[in-house]
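Q: Kindly generate the complete structure, drawing on both the sequences and the hints.
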Amino acid sequence: DAKTTQPPSMDCAEGRAANLPCNHSTISGNEYVYWYRQIHSQGPQYIIHGLKNNETNEMASLIITEDRKSSTLILPHATLRDTAVYYCIVRAFTGTASKLTFGTGTRLQVTL
Amino acid sequence: DGGITQSPKYLFRKEGQNVTLSCEQNLNHDAMYWYRQDPGQGLRLIYYSQIVNDFQKGDIAEGYSVSREKKESFPLTVTSAQKNPTAFYLCASRMGASGSLGEQFFGPGTRLTVL
Chain S
1 DAKTTQPPSM DCAEGRAANL PCNHSTISGN EYVYWYRQIH SQGPQYIIHG
51 LKNNETNEMA SLIITEDRKS STLILPHATL RDTAVYYCIV RAFTGTASKL
101 TFGTGTRLQV TL
Chain R
113 DGGITQSPKY LFRKEGQNVT LSCEQNLNHD AMYWYRQDPG QGLRLIYYSQ
163 IVNDFQKGDI AEGYSVSREK KESFPLTVTS AQKNPTAFYL CASRMGASGS
213 LGEQFFGPGT RLTVL
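Chains S and R, in that order, are what the protein sequence lines are.
101 is the number that the working numbering gives to position 101 of the first sequence; each next residue is one higher, with no gaps.
The number in the working numbering is simply the position in the second sequence, starting from 1, with 112 added.
Treat the hints with care, as some may be off.
As the list claims (entries may be wrong) - Among chain S residues calculated to face chain R with C-beta under 7 Å, some are:
hint	residue
1	C12
2	Y46
3	G103
As the list claims (entries may be wrong) - Listed next, the in silico DSBU-like pairs over lysine-lysine satisfying Cα-Cα at most 30 Å (straight line):
hint	chain 1	residue 1	chain 2	residue 2
4	R	K121	R	K169
5	R	K195	S	K3
6	S	K3	S	K69
7	S	K69	S	K52
8	S	K52	S	K3
9	R	K126	S	K3
Since the hints were made in silico from the structure, they are not lab data.
The beta-carbon is built from N, C-alpha and C at its ideal position, and this holds for glycine as well.
A: Here's what the structure looks like:
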């Protein structure tokens, strides 16, 4: 699976959009970009995933660059409850292995 | 309610003892996973199972064992051979057989402390 690079930490004011970047310059054509988040001492929570096109769901939007070497997770109106570690993961659609490789993620702190 | 349960939330054991962590899901998911997380680190995969009676080693399987006798259950045994067993252990499950995509759903975790 391709390696990802994320900033270790970010701050965001409550009510503002949080834009979390992720670099995956070695991504392959069959690899998807996944985002999870982990609130302190809880299990990770799935947020969104995509291949080429931008994706949006009730939690967030995922913007993937045209060359697919980077992506941005957008939380449109961050709240204090969005404070968590956010993991960007790339994973291939494969018939033999379906594991996710988690890096150290970005610690997002939402403040008043 | 459907979900994944792990019990207990906190577990203490003496060094040299084997200990089994439970993971149960009623989501009818095919695949199940065990991860380990150390302070300030990401998750590392220990074992995973895509169907009943079958499982594969992850990245850090040494000192651990698993079984998958039932679809809904995937217990993890931390043996005395595991050099640094104190950690936060997370179980996850995913819908779909091998090759299919789908997000993983995680349990609340068990924090194991070996004294």
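Q: The structure should be examined with respect to each hint, and the outcome stated for every one.
A: Evaluation of the provided hints:
1. C12: Interface hint status for C12 of chain S: violated (21 Å vs cutoff 7 Å).
2. Y46: Y46 of chain S check passes; min Cβ-Cβ to chain R is 4 Å, inside 7 Å.
3. G103: 5 Å, holds
4. R:K121 - R:K169: 24 Å, holds
5. R:K195 - S:K3: At roughly 28 Å apart (the allowed maximum being 30 Å), K3 of chain S and K195 of chain R satisfy the hint.
6. S:K3 - S:K69: 11 Å, holds
7. S:K69 - S:K52: 11 Å, holds
8. S:K52 - S:K3: Judged against 30 Å, a Cα distance of about 17 Å means the pair holds.
9. R:K126 - S:K3: Violated - the C-alpha atoms of K3 of chain S and K126 of chain R are around 37 Å apart, more than 30 Å.
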